[in-house]
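Take the given structure of chain A and dock chain B to it, following the hints.
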Amino acid sequence: MPRAVITSLEEAVAENVRDGDSLSLEGFTHLIPYAAGHEIIRQGRKDLTLIRMTPDIIFDQMIGMGCARKLVFSWGGNPGVGSLHRMRDAIERDWPLPLEIEEHSHGAMANAYEAGAAGLPCAVFRGYIGNDLPKVNDRIRSVECPFTGEKLAAIPAMRPDVAVIHTQKADRRGNVLLEGIIGVQKEAVLAASRSIVTVEEIVDDLGGGPNAVILPSWTISAIAAVPDGAFPSYAHGYYPRDNSFYKAWDPIARDRETFRAWMDSHVMQRKAGEGVQ
Amino acid sequence: MSDRGYTADEMMTVAASRALQNGQVCFVGIGQPSAAANLARQTHAPDVVLIYESGTLETRPDVLPLSIGDGELAETALTNVSVPEMFRYWLQGGRIDVGFLGAAQVDRFGNINTTVIGGTYLKPKTRLPGAGGAPEIATSARETFILLRQSPRAFVEKLDFITSLGHGNGGNSRAEAGARTLGPTRLISDLCQMAPDPETRELIVTTIHPGVTRDQITAATGWDIRFADSVTETPVPEPTELAVLREIHARTARAHAGQA
Chain A
1 MPRAVITSLE EAVAENVRDG DSLSLEGFTH LIPYAAGHEI IRQGRKDLTL IRMTPDIIFD
61 QMIGMGCARK LVFSWGGNPG VGSLHRMRDA IERDWPLPLE IEEHSHGAMA NAYEAGAAGL
121 PCAVFRGYIG NDLPKVNDRI RSVECPFTGE KLAAIPAMRP DVAVIHTQKA DRRGNVLLEG
181 IIGVQKEAVL AASRSIVTVE EIVDDLGGGP NAVILPSWTI SAIAAVPDGA FPSYAHGYYP
241 RDNSFYKAWD PIARDRETFR AWMDSHVMQR KAGEGVQ
Chain B
278 MSDRGYTADE MMTVAASRAL QNGQVCFVGI GQPSAAANLA RQTHAPDVVL IYESGTLETR
338 PDVLPLSIGD GELAETALTN VSVPEMFRYW LQGGRIDVGF LGAAQVDRFG NINTTVIGGT
398 YLKPKTRLPG AGGAPEIATS ARETFILLRQ SPRAFVEKLD FITSLGHGNG GNSRAEAGAR
458 TLGPTRLISD LCQMAPDPET RELIVTTIHP GVTRDQITAA TGWDIRFADS VTETPVPEPT
518 ELAVLREIHA RTARAHAGQA
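Chains as they are written, first to last, in the working numbering: chain A, 1 to 277; chain B, 278 to 537.
If you're looking for bench data, these hints aren't it; they were derived computationally from the structure.
Mixed in with the good hints there might be a few duds.
[Stated by the list, open to error] Not the full set, but computed from the structure, chain A residues with beta-carbon under 7 Å of chain B:
1. T29
2. I41
3. R42
4. G127
5. G130
6. V184
[Said to hold, decoys possible] Straight-line Cα separation of at most 35 Å, DSBU-like style, residue types lysine-lysine; simulated pairs:
7. A:K70 with B:K400
8. B:K435 with A:K46
9. B:K435 with A:K70
10. B:K402 with A:K247
11. B:K400 with A:K135
12. B:K402 with A:K271
13. B:K435 with A:K271
14. B:K402 with A:K46
Predicted model only: the values in this text are computed from it and were never measured.
Glycine residues also receive a C-beta, built at the ideal position from the N, C-alpha and C atoms.
Next up, chain A with everything else stripped away, as it sits in the complex (with noise of 0.2 Å):
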């Protein structure tokens, strides 16, 4: 297998991400891939399916953009603050274009995310009952367990054509290190064809010990170095959250003028890796 190529952020984004690509950006709260996010805006993509549990401001700037044709996902919001914005804007005014949405709960995304991983066509998972939420979604059904005869939810399994994931530490050799809250970020590398990992740095040593959460080098497509590339959210054991800029982010979103302008001079006028600060 070919080893991760070590790249800079646009070289990563622009060789793996193409327009119509189906794109999950993963990190749950945590090692949120805000830097990758960013260039894939600058370098203008389109039409793109959007992936991600917990779309939060990364997604609102990304859909405010006009990258994204269409959203799965099973919460959208600014946690702790409030709305998105430009993600509401969007699904209730079309603004700046229709987003059609695939909508589930944490517990089907993650099934999901591990059948893809597991090379399986669907996720089988004793969920949705009772809800309203297969009445919306023609992606969510039913199997009947062949032992038992429980009836089980399930939902085709998630295979994105590129997964764009942050994470502490590379090493030179292209392997790569998780810690803290790991969230869905090892299956949606291993569920989709091509992957691109943002790190804080790259070490001569892993030092992770002989459990550590580690995708090997020959499972993912390229590399980047990108301190701070997870801000504003937060890195364990490089920075905390900045939970000010997730309140700061409500008064910028919530105009259609002021979120341009922010993006503007915060996002299209900077180069890959500046950050946002």
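Just chain B, lined up with the frame of chain A:
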């Protein structure tokens, strides 16, 4: 702050914290449930096990998390597992005693809406964040407690969308839908506590917080709310409970303000 020396929110949080028993395993939602669960852990239930859906197992946060996956939760946890493991082994596997849920709207049977209000699903008047972990918490935890400030907009006659199953249409409908767990056994608001009627499964008022009237509760409920035959007064918050709760909030405010 009322002249009683505590706020309605504090009464709600204290009542909710008392509902948790020492040693129980609790799957904690963010916001008010998180405050209540941590108050319980720091007062009468030091061995309550708190689990957040981000994968933090047996976490003991010193300050309340703003998000479900704050670093504080991971650093103070016994261990951190992946999100698929959390939902498959720990929740679906039947390891959770109590699911502690918030909501945007609830109906008389404790069904919860956190998806859309008004309009249609595709073009709603208000798009809410969505399901998160709640649908499976609501059916896989042995029982659930719902924590929600009471108002006619939140306590509605009919939900626009059922995100998480409570007691369905009442009676045996929850079990008939395939749920094997108890569902909502308690609802705690800023005015009162409710529990399901043993037969109809409709939520009825069982205790009223001090100083609150029946008329207030009726006015704040979008359905024709019923009261149990023997309604009692919710015991007032103890000084220790208030002190610990306020200290938790003060530490949290300092911690969140400190991150510029």
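Hints, verified against the model:
1. T29: 3 Å, holds
2. I41: 22 Å, violated
3. R42: 26 Å, violated
4. G127: 5 Å, holds
5. G130: 3 Å, holds
6. V184: 5 Å, holds
7. A:K70 with B:K400: Holds, at roughly 15 Å.
8. B:K435 with A:K46: Not OK: K435 (chain B) and K46 (chain A) at ~39 Å, beyond 35 Å, violated.
9. B:K435 with A:K70: 30 Å, holds
10. B:K402 with A:K247: 24 Å, holds
11. B:K400 with A:K135: 15 Å, holds
12. B:K402 with A:K271: Distance of about 38 Å is beyond 35 Å: violated.
13. B:K435 with A:K271: 51 Å, violated
14. B:K402 with A:K46: 27 Å, holds
Violated hints, in rising order: 2, 3, 8, 12 and 13; the structure is consistent with all others.
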